[in-house]
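Enquirer: Protein sequences, first through last, are from chains A, B, C, D and E. Note that our numbering numbers the first sequence so that position 154 is 154, with each residue one more than the last. Note that our numbering numbers the second sequence so that position 291 is 291, with each residue one more than the last. Note that our numbering numbers the third sequence so that position 190 is 190, with each residue one more than the last. Note that our numbering numbers the fourth sequence so that position 155 is 155, with each residue one more than the last. Note that our numbering numbers the fifth sequence so that position 98 is 98, with each residue one more than the last.
The reader is advised that the hints may include incorrect statements.
[Claimed, not checked] Dumping the calculated SDA-like pairs for lysine to any residue here, alpha-carbon to alpha-carbon at most 20 Å:
no. : chain 1 : residue 1 : chain 2 : residue 2
1   : D       : K340      : C       : G12
2   : D       : K333      : A       : P85
3   : A       : K84       : D       : A331
4   : D       : K124      : C       : G132
5   : A       : K288      : D       : L123
6   : A       : K287      : E       : G22
7   : D       : K236      : A       : L278
8   : A       : K292      : E       : Q62
9   : A       : K164      : C       : G12
10  : C       : K54       : A       : A88
11  : B       : K328      : B       : E353
12  : B       : K232      : A       : A88
[Unchecked claim] Each pair of labels, with its calculated beta carbon distance range:
no. : chain 1 : residue 1 : chain 2 : residue 2 : range
13  : B       : K365      : D       : L155      : 29 to 35 Å
14  : A       : L65       : D       : L304      : 41 to 47 Å
15  : A       : I279      : C       : S67       : 34 to 40 Å
16  : A       : F188      : D       : L322      : 49 to 55 Å
17  : B       : K350      : D       : L322      : 49 to 55 Å
18  : E       : E142      : A       : K287      : 54 to 60 Å
19  : E       : E142      : C       : T208      : 25 to 31 Å
20  : A       : Y259      : B       : K232      : 20 to 26 Å
[Stated by the list, open to error] Anything over 12 Å on all C-beta distances counts as not near chain C; from chain A, calculated:
no. : residue
21  : F3
22  : N126
23  : W158
24  : L284
Hints in this document: simulated from the structure, not taken from any laboratory. Glycine included, each C-beta is placed from N, C-alpha and C at the ideal position.
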Amino acid sequence: MTFLSFLISGLSLGSVYAIIALGYTMVYGIAKMLNFAHGDVIMVGAYVCFFATTRGNLHPVFGVLLAMVVCTILGVVIERLAYKPLRAATSLAVLITAIGVSYFLQNSALLLWSSNPKVFTSVVGNASLKLFDGQLTISVIAIVTIVACLIIMAALTWFTGKTKMGKAMRACSEDKGAAQLMGINVNFTISVTFAIGSALAAIAGVLLCSAYPTLMPTTGSMPGIKAFTAAVLGGIGSIPGAMIGGILLGVIEIFGKGYISTQLSDAIVFSVLILTLLIKPTGLLGKKINEKV
Amino acid sequence: GGTEKPPAETPNAGGKEPAATAFKIGGTGPLTGGAAIYGNAAKNGAQIAVEEINALGGIQFELKYEDDEHDAEKAVNAYNKLKDWGVQMTLGSVTSTPGVATSAEMFNDRIFALTPSASAPAVTEGKDNVYQMCFADPNQGSASAQYIADKKLGTKIAVIYKNDDVYSKGIYNTFVSKAKELNLAIVSTTTFTEDSQTDFSVQLADAKKNGADLIFLPMYYTPASLILQQAKSMDYSPKYFGVDGMDGILTLENFDTSLAEGVMLLTPFSADATDERTVNFVKKYQELFKETPNQFAADGYDVVYAYKKAIETAGITPDMKAADICEKLVQVFPTISVDGLTGEKMTWAKTGEVSKTPKGMVIEKGTYVGMD
Amino acid sequence: MLKVDNINVFYGAIHAIKGISLEVNEGEIVTLIGANGAGKSTVLKTISGLLRTKTGGINFLGKDITSTAPHKIVERGLAHVPEGRRIFLQMTVQENLEMGAYTCPSGGIEAELEKIYALFPRLLERRKQVAGTLSGGEQQMLAIGRALMSKPKLLMLDEPSMGLAPILVEQIFTIIQEMNKAGTTVLLVEQNAQMALSIADRAYVLETGSISISGTGRELAESDEIRKAYLGG
Amino acid sequence: MIVLKKSTRKNLTTYALVIVAYIIVQLLISGGNISSSLQGQLVPICAYVILAISLNLTVGILGELSLGHAGFMSIGAFAGVVACISLEQIIPITILRLIVSLIVGAFFAGVAGFLIGIPVLRLKGDYLAIVTLAFGEIIKNIINILYVGLDKAGLHVSFLSDANALNLGDGGRVIIDGPLGITGIPKLSTFTIGFVLILITLFIVLNLIDSRSGRAIMALRDNRIAAESVGIHITKYKLMAFVTSAALAGAAGTLFAMNYSTIIASKFGFNTSILILVFVVLGGLGNIRGSIIAATLLTILPELLRQFNSYRMLLYAIVLILIMLATNNDAFKSHLQALKERLLPAKFRKEKGGTENG
Amino acid sequence: MDKGDVNMLPVLEARDLGINFGGLMAVNGFNMAIGRTEIAGLIGPNGAGKTTVFNLLTKVYQPTHGTILLDGRDTQNMNTVQINKAGIARTFQNIRLFSNLSVEDNVKLGMHNHIHYGMWNGILRLPAYWKGEKQAHEKAMELLSIFDMESLAGKQAGSLPYGAQRRLEIVRALATKPLLLLLDEPAAGMNPSETAELMDNIVKIRDTFQIAIMLIEHDMNLVMGICEKISVLNFGKVIANGNPSEIRNNPQVIEAYLGKKREG
Ligand SMILES: Nc1ncnc2c1ncn2[C@@H]1O[C@H](COP(=O)(O)OP(=O)(O)OP(=O)(O)O)[C@@H](O)[C@H]1O
Ligand SMILES: Nc1ncnc2c1ncn2[C@@H]1O[C@H](COP(=O)(O)OP(=O)(O)OP(=O)(O)O)[C@@H](O)[C@H]1O
Ligand SMILES: [Mg+2]
Ligand SMILES: [Mg+2]
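For reference, chain A alone in the conformation it holds in the complex:
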């Protein structure tokens, strides 16, 4: 029974990572940049939803929608102002700019909303399912997160694989110049990528804070880094990979704590990551690209 309850905790933590990782992968796989500000967009999304539901008394559904709208706009604006001028620069230059944006968002949040933590009200309430005479509890938010994660993964897979915009995104991710020669509006495509990534960030923020309700200006940064790790573990650019990577990371974290040592939990998670990559150097579902010589 302990095993099962650990597994469930792992799945629910993992699905939060996964949902963040999906947004990460979207931008990471297509714009080919590590958007370290992603975690902070998540934080903004959570704050928007928080204020909308507590101070604005909006229904949670509208809270989430509003958060998505705000984050989408924020994502697109950030892309336009901070990343677009660097289209021709090295990816590292963009990475550093993203770090600047991350600091910017965190410190703006600090000034706007103060450093005092807020307690987020779960958008689906705190109900939980009790199984085996209450020996096993599954919270509703965990179920919602996992389901949301699956739906988003499926939708993204369909979108990038089947739609015209999705194909344009793949083309941009490989060669922006050639994509332009195909008649693809690269700037627009990348904006759409950021819009989707940021909308997902809003959802992720709301779900993250529903499950783990402390909300602070730094709330997004650690989950952001873990989700990035998860995205790499799953294989860069692979949408199902991001999800599997996220869930695995969560499960390993909980099992590591539960069965080995809480003191070593970070080391365990990262050791498993390293071992996995040593065995499979392109992540779990990453494509092995053999360079033609």
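Model the placement of chains B, C, D and E with the ligands on the given structure of chain A, informed by the hints.
Expert: Just chains B, C, D and E with the ligands, lined up with the frame of chain A:
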């Protein structure tokens, strides 16, 4: 509610140039970053005290707080900035690790420090001119164990502490050794870190599995609030015992206070106390900062009043050099007794440690109630 | 159809194109020849909008496109087979071809695909192969095929014969001529000056960023100067 | 007139820059014209300069993104300080003890670099980056559960429990106390030592780059397959760069730690790694002189912004973004180039091309 | 073919070489022997497997079957680096220079295993460093002079015009002191007059260094002009072997590769 709305950095009651008529006091603390709540609280508390004292027209203070991002390196930078400004006595650093670093500098520079909240023993150890306003961590640890044993609060105890945090680990260390001494049964010890402070299901499951009926939580209230919430969703309802960092949990915006029902803690301050001094302070704080003050704010407030008392006793004047002030304060501090928000008749040992009695509090219906 | 008027292009501080003007009329095959590094590829990249000119203007189908975004230019009917092929290495052959038809309504793609596969049976064989693992020549075929997918009005080819077997070079030139007969205007950059001149209506010779000679294909092919410099004696 | 190789000329300028900066600062100090704030930052600036140079060796010269450089810094910091405290009786001369500590710090970090490098360097690109990040976090986690004490019997080491498990004898001293880190560190680092260490670092890195081994390392970066085809042993040279980089970071860590009375493991986490990376990228990949300047300026910048109080870090973020936009945007760069051309007579103008080495 | 070659062990012998890419036999049953100072050509339609043969010989790919004897030694367990040390150097169809390094450094990298001083000698600038670098510099200049490229020594390799880059790749390969030099489409992107010059140089290299050269090329002027022996590959199999005139008139080759109406 912003932290930075209040009037001016350095209020000047008379409207005249403070120059040599005001004492320059300053401190460092995390005003940005993940620990910013503590720094801002201490700063705000001190600021209220400065405004009050300046309004009296006697001793005048000029207060400056520099951001240290909860980092030893930045804290030394911040402290040096204060030196350039001409600081005459300091409020040290708000948190422990930066506190250890800055207090070593202040010891060398002969600038007196009274820190509101840097509670690690290493902050004061071997430094005759560094004093604490808060309990030192070991005291909290052993006092908590003693309290639990005396009142027979729990038979099987679980401890969850933050493994990469000086404060949390410091209290844990002495709690454990004292508990051993008192034959308290610790049945579960688990940890978490800055990087993994979201999910506590494993820690709670361990405590539950081992039948713990009391969980000792030497940590700040933010992770504690998550523990309370997650335990509830597991249908696990042990007693909780916290330390001074737990204070503030009721002020968390939008917190479901019923989760904290029955949580006990040792703290020198509670915002719900009904004495005039506290009521007055809380009211002012809420007006200025739109938040309820926590214990850091109270400690910051008390530090300024302690300085006032010491200055009066020692006959120090604003035109004196920092080093001279330091020598006088070193002599006078062990002799004075101060009444403040965090304790009546507080006195200091020559080691810099404060002596005040912690109050055992329990949360009932969303307010703190004295346990004794 | 295409009118390039006194363009100047820079790579940072390097002045790569120094006041070039040229014209391509509807239905023509025009070729640009010149030594390595003369700036041929740069001219093509500037026309398709990948690079910007500092001065002067470019007019395509009666509209000024000097500062039009590349994708808009492509939509107007220009296709560019860039130097170095620039195929999408991680996509399959077929996906690459489909990308070529990005601006076209999705209906007619099938027919167009079939045409390309008929031209290059090799590509049909390798339809599902990841383009990055194709041989050099196969990649070149794919790059040309991809450009043809959009049924362009003006086709710009940058060294299409590079790396192709002799038999294929012939084929490519035949294809160019056929396409031209069917109404596609062609601007061709070639190292293989002899072949290029033999099918070109007109030609321009580029020398370190400026046009040194221009004339009809035949005139240039017969000029001694050109023979010596570009046709190997 | 002796004509120096372009890279030699560049390197000499770099040395000159460092030496002149040192002299100016010393003059300011002796004249009492320097603020405590700036003076307090001199040693950390030296440490960050060394860290930036060493990371540039991995990121700029070897071409592999590392997100865990602070891990090596922390190994150097803890190992160096433990050495320093343990040797208190044996080597009473402080300067000598500091030098030994620096070497110990560099050695341990180098060994860690070697052990980590062997598996890690088989990976590529972002996968490698994430694994270095992971190692950085693991190092942090391990130091957090590491207890080291000293008594007459020598060093005692214990994991996972607490300082009591060290079973120290009478008069024993706990040196590393798990998450509490080390306290009571003697403040032995000085600006002059830092300066000398920078010169040594420059000497090692610049000479390495401009030698047979350095060429091989840069060849790996530019084209791995071609490098193999001319007979260059990939792993050997990757490791050489990685280990050198780690060892220098270790020395910098010791220098840094010996400037503060306390260090804790969490200081050397992801954020610090990123900070060093920011120096490197801002200064220019492969550009050693750029790293020095960027590390110095970006360390001072947040202190200069203190007057803006609570807006300080926000401004820092904005400045960082603006600098990145300014230095990496083509349009902006060509404006800058044009300006330079107008201002500088032709013969002083730098030739384009060649890697930036110094 | 040089007279001396006839009685000597071939520098390279490939027997029944083959590789399978997930079901596709890119090269199948490839046999070839190259004399010590021979210039051999490898031609064939696009995708026939020519580059793959080079990749097999240099162990960029491990052959699925077959043997390669280099100077009589089986190369079964060698990797790319060891192959180079044992005597095969190559250029690439897609230019692979160390494009951020100078032209001279590119050549010195070719000489990497022939410069003998270690890391510490380099860092500490011991005499071995100065001696090694001086020799390397002189040798690099000498090699660059083959293509009259001494004046480009300080230029960044990536900034050279395409043709110069191709030539530099050859110089770099030569610097490894190979017994056998593999050139993959050395004349691609060159105009006829540049190609003519390249042909002279290839012959000159063979004559001065007394090494074997094997080249892949689609420019028939070059192949027919300088190769002493030509193998034609189609669908991974050798379909013809012989001297230029034999190949030129082989109907199978004309059908698959040359086409009926030939240029030039
Ligand atoms: N990205 C670039 N950065 C700097 N200079 C460049 C760049 N691309 C080209 N150049 C320079 O611009 C000039 C023209 O180059 P371009 O590629 O247009 O020549 P080309 O005629 O197409 O030559 P080739 O026959 O080699 O393809 C050359 O001197 C080249 O070195
Ligand atoms: N790594 C690989 N994976 C799958 N197929 C490959 C791989 N490498 C080569 N091939 C296939 O093997 C065949 C031979 O390729 P190769 O590059 O050897 O051709 P080539 O003879 O050099 O042609 P070209 O003259 O066009 O360069 C091609 O059809 C190619 O698609
Ligand atoms: Mg070109
Ligand atoms: Mg080939």
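Enquirer: To test your reading of the hints: which numbers does this structure violate?
Expert: 9, 12, 13, 15, 16 and 18
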